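In case you want the letters, here they are:
4 protein chains.
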Amino acid sequence: MTAQRLTRQGRKRRQQLMSEAAKLFAHSGYYATRVIDIVKSAGVAKGLFYWYFENKETLFREIIKAARDDLRRAQARAIEGEKDPIKRISKGIAASLRFNAENEHLYLLFRSAGRQDRFAALVEESQQIHAEDTAAHIAAAIERSQLPPGDPMLLAHGVVATVFQYARLSASGSVDMDLDALCEFVVSYCLRALGASEVAVARKKARALH
Amino acid sequence: MTAQRLTRQGRKRRQQLMSEAAKLFAHSGYYATRVIDIVKSAGVAKGLFYWYFENKETLFREIIKAARDDLRRAQARAIEGEKDPIKRISKGIAASLRFNAENEHLYLLFRSAGRQDRFAALVEESQQIHAEDTAAHIAAAIERSQLPPGDPMLLAHGVVATVFQYARLSASGSVDMDLDALCEFVVSYCLRALGASEVAVARKKARALH
Amino acid sequence: MTAQRLTRQGRKRRQQLMSEAAKLFAHSGYYATRVIDIVKSAGVAKGLFYWYFENKETLFREIIKAARDDLRRAQARAIEGEKDPIKRISKGIAASLRFNAENEHLYLLFRSAGRQDRFAALVEESQQIHAEDTAAHIAAAIERSQLPPGDPMLLAHGVVATVFQYARLSASGSVDMDLDALCEFVVSYCLRALGASEVAVARKKARALH
Amino acid sequence: MTAQRLTRQGRKRRQQLMSEAAKLFAHSGYYATRVIDIVKSAGVAKGLFYWYFENKETLFREIIKAARDDLRRAQARAIEGEKDPIKRISKGIAASLRFNAENEHLYLLFRSAGRQDRFAALVEESQQIHAEDTAAHIAAAIERSQLPPGDPMLLAHGVVATVFQYARLSASGSVDMDLDALCEFVVSYCLRALGASEVAVARKKARALH
DNA sequence: AATGAATGAGTATTCATTCAT
DNA sequence: GATGAATGAATACTCATTCAT
Numbered sequence: 001m002t003a004q005r006l007t008r009q010g011r012k013r014r015q016q017l018m019s020e021a022a023k024l025f026a027h028s029g030y031y032a033t034r035v036i037d038i039v040k041s042a043g044v045a046k047g048l049f050y051w052y053f054e055n056k057e058t059l060f061r062e063i064i065k066a067a068r069d070d071l072r073r074a075q076a077r078a079i080e081g082e083k084d085p086i087k088r089i090s091k092g093i094a095a096s097l098r099f100n101a102e103n104e105h106l107y108l109l110f111r112s113a114g115r116q117d118r119f120a121a122l123v124e125e126s127q128q129i130h131a132e133d134t135a136a137h138i139a140a141a142i143e144r145s146q147l148p149p150g151d152p153m154l155l156a157h158g159v160v161a162t163v164f165q166y167a168r169l170s171a172s173g174s175v176d177m178d179l180d181a182l183c184e185f186v187v188s189y190c191l192r193a194l195g196a197s198e199v200a201v202a203r204k205k206a207r208a209l210h
Numbered sequence: 211m212t213a214q215r216l217t218r219q220g221r222k223r224r225q226q227l228m229s230e231a232a233k234l235f236a237h238s239g240y241y242a243t244r245v246i247d248i249v250k251s252a253g254v255a256k257g258l259f260y261w262y263f264e265n266k267e268t269l270f271r272e273i274i275k276a277a278r279d280d281l282r283r284a285q286a287r288a289i290e291g292e293k294d295p296i297k298r299i300s301k302g303i304a305a306s307l308r309f310n311a312e313n314e315h316l317y318l319l320f321r322s323a324g325r326q327d328r329f330a331a332l333v334e335e336s337q338q339i340h341a342e343d344t345a346a347h348i349a350a351a352i353e354r355s356q357l358p359p360g361d362p363m364l365l366a367h368g369v370v371a372t373v374f375q376y377a378r379l380s381a382s383g384s385v386d387m388d389l390d391a392l393c394e395f396v397v398s399y400c401l402r403a404l405g406a407s408e409v410a411v412a413r414k415k416a417r418a419l420h
Numbered sequence: 421m422t423a424q425r426l427t428r429q430g431r432k433r434r435q436q437l438m439s440e441a442a443k444l445f446a447h448s449g450y451y452a453t454r455v456i457d458i459v460k461s462a463g464v465a466k467g468l469f470y471w472y473f474e475n476k477e478t479l480f481r482e483i484i485k486a487a488r489d490d491l492r493r494a495q496a497r498a499i500e501g502e503k504d505p506i507k508r509i510s511k512g513i514a515a516s517l518r519f520n521a522e523n524e525h526l527y528l529l530f531r532s533a534g535r536q537d538r539f540a541a542l543v544e545e546s547q548q549i550h551a552e553d554t555a556a557h558i559a560a561a562i563e564r565s566q567l568p569p570g571d572p573m574l575l576a577h578g579v580v581a582t583v584f585q586y587a588r589l590s591a592s593g594s595v596d597m598d599l600d601a602l603c604e605f606v607v608s609y610c611l612r613a614l615g616a617s618e619v620a621v622a623r624k625k626a627r628a629l630h
Numbered sequence: 631m632t633a634q635r636l637t638r639q640g641r642k643r644r645q646q647l648m649s650e651a652a653k654l655f656a657h658s659g660y661y662a663t664r665v666i667d668i669v670k671s672a673g674v675a676k677g678l679f680y681w682y683f684e685n686k687e688t689l690f691r692e693i694i695k696a697a698r699d700d701l702r703r704a705q706a707r708a709i710e711g712e713k714d715p716i717k718r719i720s721k722g723i724a725a726s727l728r729f730n731a732e733n734e735h736l737y738l739l740f741r742s743a744g745r746q747d748r749f750a751a752l753v754e755e756s757q758q759i760h761a762e763d764t765a766a767h768i769a770a771a772i773e774r775s776q777l778p779p780g781d782p783m784l785l786a787h788g789v790v791a792t793v794f795q796y797a798r799l800s801a802s803g804s805v806d807m808d809l810d811a812l813c814e815f816v817v818s819y820c821l822r823a824l825g826a827s828e829v830a831v832a833r834k835k836a837r838a839l840h
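Residue numbers (this note's numbering), protein chains in the order written: chain A, 1 to 210; chain B, 211 to 420; chain C, 421 to 630; chain D, 631 to 840.
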């Protein structure tokens, strides 16, 4: 591979290779997917791979990052315009679950990455970003007393783990709920965990006292 | 390797190899740990590995299962004699966190396994077993109205994911709480998620009405 | 190795490897010939072997089959245009002996194969094909009363064994006849065994009676 | 292994190992039969093998020689007391076929040996011995004008090959004759090949002329 | 005699990467 | 841009043989 300016056809080819690779990585994991599998499924010769990519590892990282950004964008779109922090959290959770359902292979890819020690840092970093996004909303909610006091980042990590766990269960077919029901379940599970219901009860009580 | 009768020395050697292997697998992962690394770190010849184990993969699985069983035993010991379902859940969570803290390398090993596609099923299975253990207590708690109604397995999966997430954060040094504080935090987080606090509030209210 | 389109150079290289391998297998046998010996004697890197062949065993089988077909072709060429069954048998026998004399290494290869249990079936099969070729001529000769009645396949096996035995003796230098004399000897030996001379005598007698 | 005087039990054990080894070698061939297979099927530990035998190869040779001698003895017994050379040839052929039928595993062993380049000489030598036995009778028959003139060794090789070929076919189940019929067929096939029938015809004619 | 432990040389095969055309 | 050829380091696993007890 050389630093390069690609023609239109070149960009297309590169894109094609990435997309085939993503599928294969998602399905079989990093080690089990050989360079030759990728080029074969794109119908080109082995040597061409190195025209477009530096090596297998770099390609993998690139794919992972792209997947992560896609997910982030999906969340941003879902939250857009929503001001209430609790609702932002809820919508973000639902968007994650939906994204995973719709892009199962990106999700699998992400999981597969997390399974390779070489990429653990990358995934850790992604989860961190994710957690930070969530933590911001939690902090805002705490600020407005919609949630009881607590460390936003710490709580956010719990939420992220929960969402991923249920996305996994859903993808593996272990849960036979429809997507809407699952979203509703996970959202309320997380809100309870964050203490939203206690606050609601307390508020009611407070209001009653007046 | 062949079916065999081991002498005391043999059992010792086998044990030694397993333990060296566990450390290496935990530290470097399955692929990066070569058979030769294992025997070298035990100070014996290559061929001896195959006297005791069928192959690298089988050994790895064996180690994973042993680790899983160790964790389970630790939980069982912690819960022993405790009748109250909610307390069983709480003690189980704390035991898991403690076990991970004390046996960091077994924990890392477990994670490493989850990262290899070849062993995904094994880890999945372990998580399932784990979730079932937890689900039993949740069901009992619901039965006694200590928790609001819900699908025990579904809820259990959320708990398991949460516990593992925080064990991970703690192991990676991302949380600077001491172990006791962490246990307390995770326990209350999970109980809230399961709805324990709502029930408590409801009960209080009920009692107040009389 | 993967299904592939070979360039001219590729076909040439593949051919070269096969031919080097054939020599080595013939000389040292299957087990004693290592993949590295083959590539070394072709002056290429180890990995290239697996670009052209699936593995050592497959290559060996391929070579054996090629040798068998070569022999068959040599026989076919020798018989071509000959109508008389007895002469077809005779020419076939002579052609086999000549082929073995001229392609001693293919012959040795063939023997080497017969010596490996893994390939016994392959050689058995070849002998069968061989015997069938011969049996067809024997049947025709019986039909025309050039040979006394008998089971053609059964008789053919005797002929095949005899021919191979003498080819072996000749190759090992145990017989100090020239090739022509050997051919003559073996042909008449086999024809006698098939009963050709009795028939000839009977015919003479019959003619004498008229 | 050390030069040794064995106790009664020792001789028994050694015999047992040889017999198990013979079966395994016959069934799977030299390379495919591992030392461990031998000791296992005798129910003893690996190390014991080297108490009784120098190594695998030596054992194999020993077994081969024993098998060859058994066959020779069987032939000698069959011929014993028979004075007529032609009948000695016939009885020898029949005895060989019968021996192979009755001791299929020794026969297979012998074949297996012939298939290994390391033992080719051993088998060649055995065939030579065999051929010499037969050649002696052929020479005697020629002497008495029971067979037409010819090189006895050369002819004997043809007979040996034929006998082995049919023994093989019979063992592999390719011929569905009973043993007696097969003996009769092979005997007359060989006698024809040696020219016995021509001589008989010539004699008849000669007698007629008087 | 007998056992099970230990050795280590030997070999096939894989696969990312580079090269020549 | 594209192809197929070529490289070679890396690694799991086998098995005859020897050793200590």
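The set of hints was computed from the structure by calculation and includes no laboratory data. No experiment lies behind these values; they were computed from the predicted model shown. One or more hints might be untrue.
[Claimed, not checked] Listed below are several chain C residues computed to face chain D (Cβ distance under 8 angstroms; list not exhaustive):
1. Thr427
2. Gly430
3. Val455
4. Tyr470
5. Tyr472
6. Asn475
7. Lys511
8. Ala514
9. Ile562
10. Leu574
11. His577
12. Ala591
13. Val619
From the three backbone atoms N, C-alpha and C, an ideal C-beta is built for every residue, glycine too.
Status of the hints after comparison with the structure:
no.: 1; hint: Thr427; in the structure: violated (37 angstroms)
no.: 2; hint: Gly430; in the structure: violated (32 angstroms)
no.: 3; hint: Val455; in the structure: violated (17 angstroms)
no.: 4; hint: Tyr470; in the structure: violated (23 angstroms)
no.: 5; hint: Tyr472; in the structure: violated (26 angstroms)
no.: 6; hint: Asn475; in the structure: violated (17 angstroms)
no.: 7; hint: Lys511; in the structure: violated (19 angstroms)
no.: 8; hint: Ala514; in the structure: violated (16 angstroms)
no.: 9; hint: Ile562; in the structure: violated (15 angstroms)
no.: 10; hint: Leu574; in the structure: holds (7 angstroms)
no.: 11; hint: His577; in the structure: holds (6 angstroms)
no.: 12; hint: Ala591; in the structure: violated (12 angstroms)
no.: 13; hint: Val619; in the structure: violated (11 angstroms)
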